Each structure stands twice: as structure tokens, then as C-alpha cells.
Amino acid sequence: MPNYILNRLGQSAVVLVLVSLIGFMVLNLAPGGPMSQFALNPGMSQAELDRIAEQLGLKRPLLVQYIDWFSHLFVGDWGHSFRDGRPVLSVIAGHLPATLLLMGTSTLLSIVIGTWVGVLGAVRRYSVFDTLATVGAMVALSIPTFWFGLVAIFFFSLHLGWLPAGNMYTIGDQSLGDYAIHLVLPVLVLALVNVAIWSRYMRSATLDVIDQDFVRTARAKGVPYRRVLTHHVIRNALLPMITLAGLQIPTILGGALVTETVFTWPGMGRLFLDSLGYSDYPVIMGILMFSAVLVLLGNLLADLLIGVADPRVRLA
Amino acid sequence: MTTATHYLPASRRWAWLANPTLRRFMRHKLAVLGVVMITVLILACVFGPYLLHYNDLSIDIRNRFAPPFTGNHYLGTDALGRDTAARLLNAGRISLMVGFCAMLISIVIGTLIGVIAGYYRGWIGAGLMRFVDAFLSFPSVFLVLVLAAFTKPSPMVITLIIAVTSWMEISRIVEAEIRSLRERDFTLAARMIGASSRWIMFRELMPNAIGPIIVAATLTIANAILLEAYISFLGYGIQPPLPSWGNMLNAAQQYLGKAPWLAIIPGLAITLAVTSFNFIGDGLRDALDGRSDLK
Chain A
1 MPNYILNRLG QSAVVLVLVS LIGFMVLNLA PGGPMSQFAL NPGMSQAELD
51 RIAEQLGLKR PLLVQYIDWF SHLFVGDWGH SFRDGRPVLS VIAGHLPATL
101 LLMGTSTLLS IVIGTWVGVL GAVRRYSVFD TLATVGAMVA LSIPTFWFGL
151 VAIFFFSLHL GWLPAGNMYT IGDQSLGDYA IHLVLPVLVL ALVNVAIWSR
201 YMRSATLDVI DQDFVRTARA KGVPYRRVLT HHVIRNALLP MITLAGLQIP
251 TILGGALVTE TVFTWPGMGR LFLDSLGYSD YPVIMGILMF SAVLVLLGNL
301 LADLLIGVAD PRVRLA
Chain B
1 MTTATHYLPA SRRWAWLANP TLRRFMRHKL AVLGVVMITV LILACVFGPY
51 LLHYNDLSID IRNRFAPPFT GNHYLGTDAL GRDTAARLLN AGRISLMVGF
101 CAMLISIVIG TLIGVIAGYY RGWIGAGLMR FVDAFLSFPS VFLVLVLAAF
151 TKPSPMVITL IIAVTSWMEI SRIVEAEIRS LRERDFTLAA RMIGASSRWI
201 MFRELMPNAI GPIIVAATLT IANAILLEAY ISFLGYGIQP PLPSWGNMLN
251 AAQQYLGKAP WLAIIPGLAI TLAVTSFNFI GDGLRDALDG RSDLK
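So the protein lines, in turn, are chains A and B. Read left to right, the first sequence gives residues 1 to 316 (this note's numbering). Read left to right, the second sequence gives residues 1 to 295 (this note's numbering).
FYI, nobody ran anything at the bench for these hints, they're computed from the structure. Being a predicted model, the structure only gives us computed values, none of them experimental. Check before you lean on any hint, since a few could be wrong.
Unchecked claim - Simulated restraints, written as ranges between beta carbons of each label pair: (1) A:SER45 / B:ARG179: 51 to 61 Å; (2) A:SER204 / B:PRO68: 50 to 60 Å; (3) B:ARG179 / A:ASP211: 47 to 57 Å; (4) A:ALA180 / B:LEU242: 17 to 27 Å; (5) A:LEU6 / B:LYS29: 45 to 55 Å; (6) B:LYS29 / A:VAL75: 41 to 51 Å; (7) A:VAL293 / B:PRO68: 39 to 49 Å; (8) A:PRO61 / B:PRO240: 20 to 30 Å; (9) B:SER154 / A:TRP162: 26 to 36 Å.
As the list claims (entries may be wrong) - Derived lysine to any residue pairs resembling SDA-like cross-links, with alpha carbons at most 25 Å apart: (10) B:LYS29 / B:LYS258; (11) B:LYS152 / A:LEU58; (12) B:LYS29 / A:TYR278; (13) A:LYS59 / A:LEU207; (14) B:LYS258 / B:ASP286; (15) A:LYS221 / A:ARG83; (16) B:LYS29 / B:ALA44; (17) B:LYS258 / A:ASN28; (18) A:LYS59 / A:GLY94; (19) B:LYS258 / B:ARG27; (20) A:LYS59 / A:ASN28; (21) A:LYS59 / B:ALA149; (22) B:LYS152 / B:PRO240; (23) B:LYS258 / A:ALA152; (24) A:LYS59 / A:LEU27; (25) B:LYS152 / A:VAL128; (26) B:LYS29 / A:LEU120; (27) B:LYS152 / A:PHE155; (28) B:LYS152 / A:ALA53; (29) B:LYS152 / A:TYR278; (30) B:LYS258 / A:LEU27; (31) B:LYS152 / A:ASN28; (32) B:LYS29 / A:LEU58; (33) B:LYS152 / B:LEU272; (34) B:LYS29 / A:ALA53; (35) B:LYS258 / A:LEU120; (36) B:LYS152 / B:ILE109; (37) A:LYS59 / A:PRO97; (38) B:LYS29 / A:VAL128.
Beta carbons are placed, not taken as given, at the ideal position from N, Cα and C, and that holds for glycine.
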């Protein structure tokens with residue numbers, strides 16, 4: 001067991017270094033570079049530009065810059081925003097709760113619905129419900145998130161006038177109900193793809209379990225079918241889903257970015273796009289690193305959790 | 001091979017129809033539907049613009065925001081009075097082309113890295129796979145946006161950007177496939193007759209992994225079309241006046257209340273194209289897997 005954890009930790013550390021290297025190089029080797037924002041200002045002389053580059057440490061060799069930046073990550077110094085000089089970590093922290101609220105609610109919803117759809121599809125394999133769910137999931141995976149958002153806004157906000165078209169709350173009214181009503185559309189839009197993925201995997205995981213001997217034994221003992229499903233089948237089918245949940249984090253994060261844009265949701269996705277518009281390198285870099293770390297931690301946690309939940313994995 | 005077929009008796013000339021893979025594919029109704037839909041879409045995009053009364057840039061200023069079926073504007077017009085049908089079909093050429101080319105490039109990168117990583121299992125393989133993991137740790141939309149924001153976005157650059165951010169899944173699939181194939185007897189036989197590593201990798205192992213690669217290729221087109229739409233929608237992809245399905249939606253966003261069809265039509269086109277490729281991919285997966293006959 002400790003060996004397995006150590007191995008996994010080592011792998012993650014290597015990936016983390018590679019992630020930072022890729023992110024750093026992509027940003028710094030891209031045309032323009034970190035100085036492009038300042039170079040746009042016609043009032044700046046070359047001497048001033050040189051001074052800024054010197055101050056920001058951009059005149060040093062790239063590798064030195066990278067090592068300096070990477071080592072500072074660990075002491076919580078992620079640099080300062082070009083836009084307002086605030087520390088990158090606190091800028092991200094300011095936008096994180098909105099994104100987590102959106103992602104968390106939507107993920108929870110999609111797990112509940114997806115599990116239900118998947119299990120029902122597997123139990124009644126090739127029924128009308130199963131066929132509809134299969135085709136529906138494939139179509140749902142093909143619908144562009146932002147377009148679905150636009151259609152939802154058109155229908156529910158502009159046409160019916162039931163729900164707000166964007167933002168996280170009404171200014172002046174920040175009650176719980178107000179948050180909730182603003183949450184409905186973005187959560188539904190973000191959940192669409194995740195329900196599709198989750199239900200597909202849940203269906204095949206259930207099919208893997210449902211024909212196994214222990215299920216037959218339970219039935220033979222006279223355990224009611226419902227109880228066999230909830231206590232034997234679903235519990236076992238959910239095990240591989242722990243890994244899947246970890247693997248889904250990048251997709252959910254990417255989806256959140258697009259959803260936030262459509263619904264003017266003040267989260268990390270909005271921050272990322274705004275920072276791109278301003279060429280705010282430290283913040284862009286920070287968000288890239290932050291999301292990658294989130295993904296790595298998620299995968300690591302999933303792998304450790306499955307080791308705890310499923311003894312077979314530990315032995316393998 | 002073609003010449004040989006020519007001399008076959010008529011009864012044998014159609015023998016390929018009995019090919020079990022093709023038979024299994026044809027039995028997958030959704031996959032066949034996908035092929036039909038994508039064929040119609042491609043034909044429409046290639047030949048459609050010649051049949052319309054307007055081209056994608058001509059401005060009919062008196063007919064701005066015309067709803068579908070106004071006069072000769074079959075799908076209406078946009079904010080500048082440009083014909084939506086003409087823009088949609090021309091956008092389709094670009095969006096489908098970007099998706100297809102991005103797929104070709106990412107298949108090459110993905111297969112190459114996957115084959116090498118699967119064949120050399122030691123530190124080369126492990127190192128390459130950690131590299132794949134690292135790329136997979138970024139949400140692909142983030143990575144594509146960063147690259148697109150700092151380059152001059154032409155269709156070719158966008159294609160390259162999408163390609164370099166969507167090869168990782170293919171690598172993983174190919175690596176797993178090669179790793180199991182290299183333990184098989186035919187690999188041993190090839191090594192025994194003195195074949196070089198390069199020969200074994202690309203002449204023995206890779207052709208045997210072609211099934212999963214083809215399936216991955218189909219699904220990669222679907223994702224590439226979606227990615228192009230995402231970044232063009234966010235303003236960092238294909239730049240107007242060049243139309244793409246994504247940037248048509250970007251322009252339509254602000255007129256959602258006034259002219260909803262401007263947003264609905266390109267979105268339907270994207271969904272149709274992506275659904276078709278996903279259906280085809282699903283059908284190919286079943287068709288190339290001989291075991292599906294037993295079910």
C-alpha cells in the first residue's frame with residue numbers, strides 16, 4: 001500500500017514539473033511575450049520599456065526565469081497581476097468561490113442524474129428508455145456548451161422570462177433564493193455534457209457487475225431485486241466511477257470557462273478571458289498552473305480513494 | 001489490387017460487401033445515419049454556395065435581420081444584411097476543413113508518440129507518457145485559448161493549435177494497444193528474422209493497431225470541430241469577415257432577442273456535424289471489434 005502511494009506521488013511530481021515547464025514555455029515563447037502589453041503604449045520610450053523588463057526580471061535567461069518562478073510557487077508567491085498589481089493568488093482566490101459553486105452544484109447534479117440514467121439503462125438493456133438515453137447522450141456530447149447556453153437564455157429568459165440571463169446575483173438583493181435562481185441555467189447547461197458522460201460510463205460499469213456471481217448469489221438467497229441493485233450492483237458499479245470523476249475535472253473546468261462566459265458568471269473562466277484580453281501574463285500563468293494542479297490533485301485523490309474503497313486495486 | 005478485382009467474375013466483384021466489418025457497420029443504424037448526414041453536409045458546403053443568390057460577403061443593406069425565407073434569403077440575413085445561408089455553407093467549408101486537418105495532424109503526432117512509448121517501455125516510454133499526462137492536465141480550452149490569443153489567428157494557425165492540443169488521447173489509446181501487441185508471437189517472429197526496431201514499430205505493430213486509431217480519428221474530428229467553435233465563439237479563433245460556425249455564433253450573441261435564428265442556425269450545423277462524427281465513431285468501434293458479433 002505505501003509503495004503504491006509513493007509511486008503515484010512520484011509520478012504526479014514529475015507531471016507537475018512538466019506542466020509548469022510547458023505552461024511557462026508556451027507563454028514565453030509565444031509571439032509578443034510578456035512585454036507586448038507595455039509595448040502597445042505609444043507614450044513609452046524604449047528606455048522605459050527596458051527599465052520595466054529589467055524590473056520584472058525579463059532580461060534574464062529563460063531558464064533562470066523559470067526556476068525563479070517555479071521555486072516561488074511553493075512559498076505562495078505566484079507573481080503580481082500586470083493590471084492592478086495585486087498578488088496572483090489573491091486574484092484567483094477572489095474568483096474561485098463562484099467557479100467552485102457552479103462546478104460543485106453541477107457535478108453533484110450530474111452524478112445523481114447520470115447514475116440513475118445509467119443504472120436504469122443497464123437494467124433495462126435495449127429498452128426504449130435505454131435507446132433514448134444512448135442516443136440522447138451522444139447528441140448531448142455533440143452540442144456546443146455555449147450554444148446550448150444561448151438557446152437556454154433565449155427560451156427561459158428572453159422568451160418566457162422565468163430566469164435571469166446572467167450574473168451571479170441581482171445587485172442589492174443577495175439573498176440565498178436570488179443566488180439559487182441565478183444558478184439554475186448555468187448549472188443545467190454545464191451539467192448536460194457531464195450527465196451524458198457519467199450515464200454512459202455508469203451504464204457499462206453496471207453491465208460489468210450485473211452478471212457476476214455475487215449478484216446471482218444474492219438473488220438466490222432471496223434478497224429483493226431492489227435491494228440487490230442498491231446494495232450490491234450500484235455499490236460495485238460506482239467504484240470505477242471514482243477514477244472517472246478524477247479524470248473529468250479538466251472537462252468540467254473547460255466547460256465552466258465557456259459557461260461562465262455565456263452567463264457573465266464572475267468566476268475563474270471570466271478572469272481567464274479578461275486576463276487574456278489584457279495580456280496579463282502572471283494571472284494567465286497562475287490560472288493555467290492552478291487548474292493543472294487542481295486536475296493533478298483530483299486524479300491523485302481519486303487514485304488514493306479507489307485504493308481505500310476497493311481492496312482489489314491495492315493488490316494489483 | 002484494383003487490377004486484380006477487374007478480372008474477377010461479376011459474382012466476386014461485389015464480394016467486399018460481404019466484408020464482416022462493413023456488414024457490422026451497416027447494421028449500426030445511427031452510424032449509417034451519421035454517414036448520410038455528414039455526406040449531405042459536405043456536399044452542401046462544397047456545392048451549395050454556387051447555387052445561392054448571394055455570396056457570403058455581399059451586403060443587402062435594406063434587408064438587415066431578415067427572418068428565414070425572406071425572398072431569396074432562404075435562412076435570412078445577419079446584422080449587416082449578409083445572407084445567412086451563404087455564410088453558413090462557407091463557414092462549413094472552413095469549420096469542417098479545420099476539423100479534418102487538425103485531426104490528421106494530431107493523429108500523426110498521437111500515433112508517433114503512442115507507438116514509441118508503447119514499444120520502449122522503460123524510461124523512454126514512462127517519460128513520454130508523463131509528458132502526455134502533463135498535457136492532459138490542462139483543460140484543452142484553456143491551452144488552445146492561450147495559444148490562439150498570442151498568435152495571429154489564420155485558419156492554418158488555428159488548425160495547428162487545435163492539433164497540438166488534441167493528440168494526447170490518441171497517444172494513450174495507441175500506447176496501450178502497442179504495449180499488448182508487442183508481447184505477441186508475431187513481434188517475436190519479426191525480431192527473430194532480424195527486423196529493426198523501426199520496422200517492427202511501424203510495419204508490424206502499427207498496422208495492427210489501426211482499428212483503434214481509426215475510431216480515435218473520427219472522434220477527434222468531432223472534438224476539433226467543437227474546439228474551433230469554442231475559440232471562435234470566444235473571439236480568438238477564425239476572424240471575421242471569414243465566416244466560421246463559431247464566429248457566426250459570436251456575432252449572433254448580442255442579437256439574441258432580436259434575431260434568435262442567427263444563433264440557432266449555426267449551432268444546429270455544429271451539432272449536426274459533431275453528432276454525425278460521434279455516431280460514425282461509435283459504429284466503427286462496434287464494427288472493428290469482431291466480438292460484437294457474439295452479443
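We went through each hint and held it up to the structure:
{"no.": "1", "hint": "A:SER45 / B:ARG179: 51 to 61 Å", "in the structure": "59 Å, holds"}
{"no.": "2", "hint": "A:SER204 / B:PRO68: 50 to 60 Å", "in the structure": "41 Å, violated"}
{"no.": "3", "hint": "B:ARG179 / A:ASP211: 47 to 57 Å", "in the structure": "28 Å, violated"}
{"no.": "4", "hint": "A:ALA180 / B:LEU242: 17 to 27 Å", "in the structure": "42 Å, violated"}
{"no.": "5", "hint": "A:LEU6 / B:LYS29: 45 to 55 Å", "in the structure": "50 Å, holds"}
{"no.": "6", "hint": "B:LYS29 / A:VAL75: 41 to 51 Å", "in the structure": "59 Å, violated"}
{"no.": "7", "hint": "A:VAL293 / B:PRO68: 39 to 49 Å", "in the structure": "48 Å, holds"}
{"no.": "8", "hint": "A:PRO61 / B:PRO240: 20 to 30 Å", "in the structure": "40 Å, violated"}
{"no.": "9", "hint": "B:SER154 / A:TRP162: 26 to 36 Å", "in the structure": "42 Å, violated"}
{"no.": "10", "hint": "B:LYS29 / B:LYS258", "in the structure": "39 Å, violated"}
{"no.": "11", "hint": "B:LYS152 / A:LEU58", "in the structure": "23 Å, holds"}
{"no.": "12", "hint": "B:LYS29 / A:TYR278", "in the structure": "49 Å, violated"}
{"no.": "13", "hint": "A:LYS59 / A:LEU207", "in the structure": "59 Å, violated"}
{"no.": "14", "hint": "B:LYS258 / B:ASP286", "in the structure": "45 Å, violated"}
{"no.": "15", "hint": "A:LYS221 / A:ARG83", "in the structure": "68 Å, violated"}
{"no.": "16", "hint": "B:LYS29 / B:ALA44", "in the structure": "22 Å, holds"}
{"no.": "17", "hint": "B:LYS258 / A:ASN28", "in the structure": "43 Å, violated"}
{"no.": "18", "hint": "A:LYS59 / A:GLY94", "in the structure": "31 Å, violated"}
{"no.": "19", "hint": "B:LYS258 / B:ARG27", "in the structure": "45 Å, violated"}
{"no.": "20", "hint": "A:LYS59 / A:ASN28", "in the structure": "12 Å, holds"}
{"no.": "21", "hint": "A:LYS59 / B:ALA149", "in the structure": "23 Å, holds"}
{"no.": "22", "hint": "B:LYS152 / B:PRO240", "in the structure": "13 Å, holds"}
{"no.": "23", "hint": "B:LYS258 / A:ALA152", "in the structure": "15 Å, holds"}
{"no.": "24", "hint": "A:LYS59 / A:LEU27", "in the structure": "16 Å, holds"}
{"no.": "25", "hint": "B:LYS152 / A:VAL128", "in the structure": "49 Å, violated"}
{"no.": "26", "hint": "B:LYS29 / A:LEU120", "in the structure": "23 Å, holds"}
{"no.": "27", "hint": "B:LYS152 / A:PHE155", "in the structure": "36 Å, violated"}
{"no.": "28", "hint": "B:LYS152 / A:ALA53", "in the structure": "24 Å, holds"}
{"no.": "29", "hint": "B:LYS152 / A:TYR278", "in the structure": "16 Å, holds"}
{"no.": "30", "hint": "B:LYS258 / A:LEU27", "in the structure": "40 Å, violated"}
{"no.": "31", "hint": "B:LYS152 / A:ASN28", "in the structure": "16 Å, holds"}
{"no.": "32", "hint": "B:LYS29 / A:LEU58", "in the structure": "59 Å, violated"}
{"no.": "33", "hint": "B:LYS152 / B:LEU272", "in the structure": "29 Å, violated"}
{"no.": "34", "hint": "B:LYS29 / A:ALA53", "in the structure": "61 Å, violated"}
{"no.": "35", "hint": "B:LYS258 / A:LEU120", "in the structure": "42 Å, violated"}
{"no.": "36", "hint": "B:LYS152 / B:ILE109", "in the structure": "23 Å, holds"}
{"no.": "37", "hint": "A:LYS59 / A:PRO97", "in the structure": "36 Å, violated"}
{"no.": "38", "hint": "B:LYS29 / A:VAL128", "in the structure": "15 Å, holds"}
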